[in-house]
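Could you build all of it, start to finish, from the sequences and the hints given here?
Residues -20 to -1, 1 to 353 (mature numbering (1 follows the signal peptide of the UniProt record, and there is no 0)) are what the sequence shown spells out, left to right.
None of these hints come from the bench; they were simulated from the model. All clues stand as given, with none of them false.
Straight-line Cα separation of at most 27 Å, BS3-like style, residue types lysine-lysine; simulated pairs: (1) 117 to 105; (2) 340 to 16; (3) 149 to 102; (4) 53 to 132; (5) 201 to 189; (6) 201 to 239; (7) 117 to 63; (8) 53 to 149; (9) 239 to 191; (10) 149 to 96; (11) 63 to 53; (12) 41 to 239; (13) 96 to 117; (14) 298 to 195; (15) 228 to 195; (16) 80 to 344; (17) 275 to 340; (18) 191 to 149; (19) 102 to 53.
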Amino acid sequence: MKKAIAVLGILALTVSCKTAQTASSGDSLRDAFKNKFYIGTAMSLPQIDGTDVKSDGIIRKQFSSIVAENCMKSMFIQPQEGKFFFGDADQFVAFGEKNKMFIIGHTLIWHSQLPKWFFVGKDGKDVSPEVLKQRMKSHISTLVGRYKGRVKGWDVVNEAIMEDGTYRKSKFYEILGEEFIPLAFQYAQEADPNAELYYNDYNEWFPEKVKTVNKIVRDLKSRGIRIDGVGMQTHVGLDNPKLEEYEKAITEYAAAGVKVNVTEMEISALPSPWGTSANVSDKVEYEAKMNPYTKGLPENVQQEWETRYLDFFRLFLKHQDKIRRVTLWGVTDNQSWKNDFPVKGRTDYPLLFDRNYQAKPVVKKIIDLTKEK
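Structure below.
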């Protein structure tokens, strides 16, 4: 009798283990996209230093790639000339290595979140082209060199082109002209010849912007300077951009000989304030109008939001041969920068995990898309 009970116990345990394996197999984004492209997220400081324990658990289970949300930007890495702070970045890279992730550094050259000293000489005036080149090279060489062979890809230049295809009139451009982009890529390539190098920007589906970015890609390649991908920042809403124009950009970048990185992705369900006025006398009404879902999304809006995510992921899977990675800009809704941009204090719902650290129903539906033939 005891033997029979023991056998039944073993059988029950075996069935239980198989059921558990079946339930866990493919139940994460990381597993589902394993043979398609990297699926990633940005990491904030509380996640990097381990104080946001619940988010860290989600990241380990769900994502195969991570990108530094802020800690590698120049104002934090080199707040004073020659004085680097690597504490947070070191922890970020260590987290990625421990969890066998594809680690992305963000960002080397960007006109924003930049320390004031970068362009200024002792006389308080703009530095010469030669001084700026030296500062760029020192910054890039030191940062990329520190993580050589460990950080697998770098956003080398960020947001340098306008929607009409012209160059942003940043100090980099004013002092060095168009050449600052090839120089940045050259310095990064010299610091780590094996790291993937990317150009990253938003609204990268605007036709004239696509043309200029592809011109930069072809120019770099013609010079023998490495560029592996174009990062398409995907801060999108429910109706903009149209999927057709986004898809057209994917195919055009691929035709230029680079992979597409879907970067900084989230989908806002809130109304856009662009084109609206905000007179002081109308402030209360305006703020209420721009923040309509403080108690949660209405069912019809939730459905529209979910459909939008699924449409994008169907597109990514359709073009998986052209896509290197898809990276969400954050883990949970309460972490998202969209709660404060472009209107402060809003309650937005743009990410895949809710404010209680729970996966939204859309996560399973995205996973199911990977199983369709």
